[in-house]
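Given next are the chains, with one letter for each unit.
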Amino acid sequence: MILLCLILIPLIAGALAWAAARWSLSACRWIALLAVAADFVLTLVLWGSHSPAGLGTWLAEADWEWIPQVGIRFHLALDGLSLLLLMLTFFLGALSVLASWREITEGVGFFHFNLLWILAGIAGVFLAVNLFLFYFAWELMLAPMYFLIAIWGHENRVYAAVKFFIFTQLSGLLMLVAILALVFVHHRATGVYSFEYQDLLGTTMPPGAEMWMMLGFFIAFAVKLPAIVLHTWLPDAHTEAPTAGSVILAGLLLKTGAYGMLRFVLPLFPHAAASFAPIAMALGVAGILYGALLAFGQTDLKRLVAYTSVSHLGFVLLGIFVWNPLALQGAVMTMICHGISTGALFILVGALQDRIHTREMDRMGGIWSTAPRLSGAALFFALASLGLPGLGDFVGEFLVLLGAYRQSIVLATLAAIGVLFATFYALQFVQRAFQGPNTLNWRIPDLVPREGLVMALMIIALLWLGLYPRPVLDTFEPVMARIEQMAPGR
Amino acid sequence: MTIVFYTAGAVAIIATIMMLTRLDAVHALLHLIVSLLAVAVIFFVLGAPFVAALEVIIYAGAIMVLFVFVVMLLNLGAHAARAERALLTPSIWVGPAVLAAILLAEFIWLLASGNVPPSGAATIGPAEVGMALFGRYLIGVELASMLLLAGLVAAYHLGWRKIPQVEATHVSHP
Amino acid sequence: MFPIREGFLLSGVLFTLGVIGVLVRRNLLFVLMSIEVMLNAAGLAFVAAGARWGQPDGQVVFLFILAMAAAEVSVGLALVLELYHQYKSLDTDAISRMRG
Amino acid sequence: MLPLLWLVPAIPFAGALTLAVLGPRMREKAAAVIGTGSIAVSAVISLFIAAAFLTAPPAAGAYTQTLWTWIDVGSFRPAIAFYLDALSLVMMTVVTFVSFLIHVYSAEFMRGDEGYSRFFAYMNLFVASMVTLLLADNLLLLYLGWEGVGLCSYLLIGFWYQDPANGLAGRKAFIVTRIGDTAMAVGLFLLFHNLGTLRIQDLMHAAQSQWPVGSAYAIAAAALLLGGAVGKSAQLPLQTWLPDAMAGPTPTSALIHAATMVTAGVYLIARTHVLFALAPPVQFAVAVVGAATLLMAGFSAATQNDIKRVLAYSTISQIGYMFLALGVGAWSAAIFHFMTHAFFKALLFLAAGIVIEALHHEHNIFRMGGLRNELPVAFWTFLIGGCALAGLPLITAGYYSKDLILWSAANSTAGGMGLWAAGMAGVVLTSLYTFRLIFLVFFGRLETAVSHRPGLAMTVPACVLAFLSIVGGFGKLPFEALLATALPQFREAGGGMSEALASAAAGLAFLAGLLAAWYAYLQNPSLARSAAANPAGRLLHRFWFSDWGMDWLYDRVFIRPVVWAASANKADVIDSIYDGLAGAAALCYRLLSATETGKLRWYAAWIAGGSVVTLAIVMWL
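Chains H, B, P and G supply the protein sequences, listed in that same order.
Quick note on numbering: the first sequence equals residues 1 to 490 in my numbering.
Quick note on numbering: the second sequence equals residues 1001 to 1174 in my numbering.
Quick note on numbering: the third sequence equals residues 2001 to 2100 in my numbering.
Quick note on numbering: the fourth sequence equals residues 3001 to 3621 in my numbering.
No incorrect hints appear here.
Listed below are several chain B residues computed to face chain P (Cβ distance under 7 angstroms; list not exhaustive): (1) G1009; (2) T1016; (3) L1032; (4) L1046; (5) A1048; (6) A1100; (7) L1104; (8) F1107; (9) E1128; (10) V1129; (11) G1140; (12) L1148; (13) A1155.
No more than 25 angstroms apart at the CA atoms, straight line, and that leaves these computed lysine to any residue pairs for SDA-like: (14) P:K2088 x P:I2035; (15) P:K2088 x B:A1080; (16) P:K2088 x B:N1075.
Using C-beta positions, here's what the derived DEER-type ranges look like: (17) G:I3574 x H:A189: 38 to 44 angstroms; (18) G:C3588 x H:M1: 50 to 56 angstroms; (19) B:M1131 x G:S3611: 31 to 37 angstroms; (20) B:A1150 x H:L170: 41 to 47 angstroms; (21) G:A3414 x H:D362: 51 to 57 angstroms; (22) H:D354 x G:L3581: 34 to 40 angstroms; (23) H:P445 x G:A3030: 22 to 28 angstroms.
To be clear, the hints were calculated from the coordinates, so they are not data collected in a lab.
Backbone N, C-alpha and C define an ideal beta-carbon position, used for all residues, glycine too.
Just need the whole structure built from these sequences, with the hints factored in.
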């Protein structure tokens, strides 16, 4: 029942916030903040209440008939992996509401409506265990994000929003075809129509069909998790989205892609995934190097941070398809820490853009002298994104590399060089934006207490994940072990 | 019997060609009526008296009369004929003629290849047609009636206001 | 015996003449007339086929063609009147505002 | 007392945290007290631990303290745990003690600088990371400390961020060391993949049992670790960053780029000596790298005109000696030289700091002169440090440690004499550039007036270090006995040079360098200028001055292509694929819309044509 609340609260609060906006904007913002905070508390309760032993099976379930004839059920289920990703969702959700407190001035109600419905969509994606419901949540996530970018974005927002929509929608349709194909194959094999994840797990299918269906799912998730060739929507969408939009895009939407691969691509089509693994790993490593190289070349701050996401998610893709416990746990750890560090970077860049109304690094420089706390926080998160040991990202990336080394030495070495490239863009970002002479002598206010709180929360989270990641690792370890068992030949 | 068929066929073809080449609409109409009457004869030769009669009554009688009526209504006048001559330059005939020739060649090729043995069944009178009409084709009849109704309503709707003004404006400049 | 083969040939020729008429003449009336010719040719082919098999179906279809032709002519001519009132000319090329 | 081991890194880390968070609001005095205080406490604790360790050595000569399990994934269970044995004890005490002195020095040196608390925050963080590196029980924690010190060196080099050159120097240092770290990381993966653990002690036993001497795995692992060490300790080929690192404040150069961080590579090789013993070719490579670096750096140091850059090249050269010692298997000799080097090199930098501060941030030694009687403290401390560096026989610590290395090199099993000759040439060069520096700065005419006398906080640490530079050498024997518990003894290849002969040769080399410098720079200064006048001399001078052209080479070969590739592809060539698709769609639209001419006959013609074609197809099928 609690799972249903997780989805319903943002939905209702979204509508409420929209309605409340007519009377007072702050009421609308507070409703949104309280809703997301409530959800975050719910996930904490769930996390606290679960017994470590029970982590293998579903922690909590909510199951109702929807369309019985075709085996479509409104079936939500929670396990270690989705629990953590939900916590990340509502953590970043609350922070993005806080971060856009002053930034959004017109259409505040509708803004928070969209924001909360995206969070509901994401929660749906992480919880849905019925493929039809999964696809429904997948689409629910898309439309409000389109509005978010198209209405509250920056100069080139419509192009970016339309590009984002086409990329995601097209690939989503591929997934829909794959889902339907899978259901029909399952029907031919067992004679019963079912969209249930549990039933579809063991379907025997001809290898050719399996590969095509796997590709259908993979492409949809590869677009969302920007694999190298399908990533070009990301920089535009991130650059043009408002701060909250960028945070949710970078922090959460990219994770739905990776989650999809872990939950659906590997378990449902083990043989096809295994034979496709080398290509996917190569894509991941290419993504790491290409993303880093491009980030190094950018002059627009948000585009730079966007390309870093391409690079970091390359690690996740590599980790997922290496398919051994180390790499899988590393991939999930990288997902979580990347969500926090890149979310923070976007909030900082948004705050900076609010103050100096530009994202071009050439016009910045020497901001450290006028806003030391903002620059210090930016330095901290830049270090997190270059994988400094002692912070969360390093743990994830090191585990992925360690696991990848087992699979192929060449790829692991190339990925390690990718980490080196990360140093280039991170230091470049800090140097050109914050250090150097204050040529345009900016006089900007430093972080206000609200922004300071957001930054402090994220710094503490990253330090905790970096130095004591055990509780988080233990939560999704059984899930990863189960996925690892599904690899053929284990 | 075949003599009648061939003469009627020739008349039909010549009348149609004449229709195509006339500049004045009314002359073309009259040629068209002649062509339709020739086709009616052919129907008769083919042993379909009922249809032949209908052709004469409805097709030639009703539809063509309607045509003539509208042409009169438009009252195009002599300048229309001169305008037609400007449009009918010989060169314009080439494209369509080539296309039509190919089409005809394909018809002939198809006819030649098809094995249509000459058969001499009896003529099919109106009785049989009536029985078929209200037997198997009952729905078709209903649809036809609806179609006619639609045509009626459309014609009525399109034409009811304009007729008087056309009269008024036209008189001013012959 | 019924000259079926010749019937089809004749309907083919008439149909082709109709097509030429439609393509050549730019005056709307002539286009309508050519269409009538084509319809008539089609009807001839149907009747010939009916005669060949000795079935009334051919003639029934001709009847339907007749009904259709009547409706078509009535609406067509009403439109011609409307167009003439609007454009003061019946040249199809002149009336070509519906363009991509 | 040993259980307090975790406090040694924890207190500086806490100090760094408080300074970072509360720093801006604190007055300079408070920031100095917290900054220096935390290091003082940690130094005192480490001295107590040393005392406890020496009086009652724990079982098997080592004490392990596990705080918590860091990561627990399947078989990979690294813990946050500290391992204290003789080697890490020595390193820890030297690092904390020298850091404390330098913190006292910088309390006064940095006075008036607007980022005062930020400076102390970085320095505390550095000491915390360095101690974590030294005490790390497993290679992953060592890697954490390793990157931490790299980070602090970047932050401190670029401390005066207003000047973009400092930022560039900081980035260069961080990236070049990170290249070495990447190699080391791959080494970690290899070790874990093949030996299943990263705990150093288990690793060494497993390596010894599973890998025969000279096995491919051992060679690969040792080579990769050597890559990391070369990066961090600024040895060939990754040494270009250290001279530029002098852009940082002088206390930073003293602490990080002289005493502690640059020797992290030496510590790593000493800690994983079993691996290098299993891979003789790599061990020999370490010796060769050491020898080559000490020569190259020696020549470059002799041509510099910036006082700090001379000392930077001399640091590279001295670490070359340590690598030479490690290469020939004289593990404890290398650590002994590390200790003495830490003392006299830190001293030299502090004295140089005093001179720079006195001459209002003047760095060019040719514009200094005759400071002998102007800054007596600086002169005498600099002289003692210089003699220790050059190896004044029998008195200075430097002589004992370098002599030990030279003797070991001569008697080593592999390539003894060649390495020894390089070492000797190095000694001549070292004394040449050291005394060149001393004569130019302290003798001759007074070039620029002295504007600021150093306070007590700057002179006392210098004197303490001067004292240690002398006394340090006498403790050679007990030092070696202590290290014997952690590091294997040096195996002599019989028939080599005797101890006395080696030390005599070293003394002679020292004298030769001294006389050469005295003749060239005091007797007739015109000689140096004339040598630089003729074309060959000028070319050679420029070549050595620019660190043998390595900087220019790296810039052309590595930096330019990457920067070009990044800027050329700024608009993401893959994006053009999708723009192409959009363009194709627009083209199709334009083509199709052209067919809508609006002319009735045109459509009729197309219909007729279409039907003709269809019929044709029907006919042919």
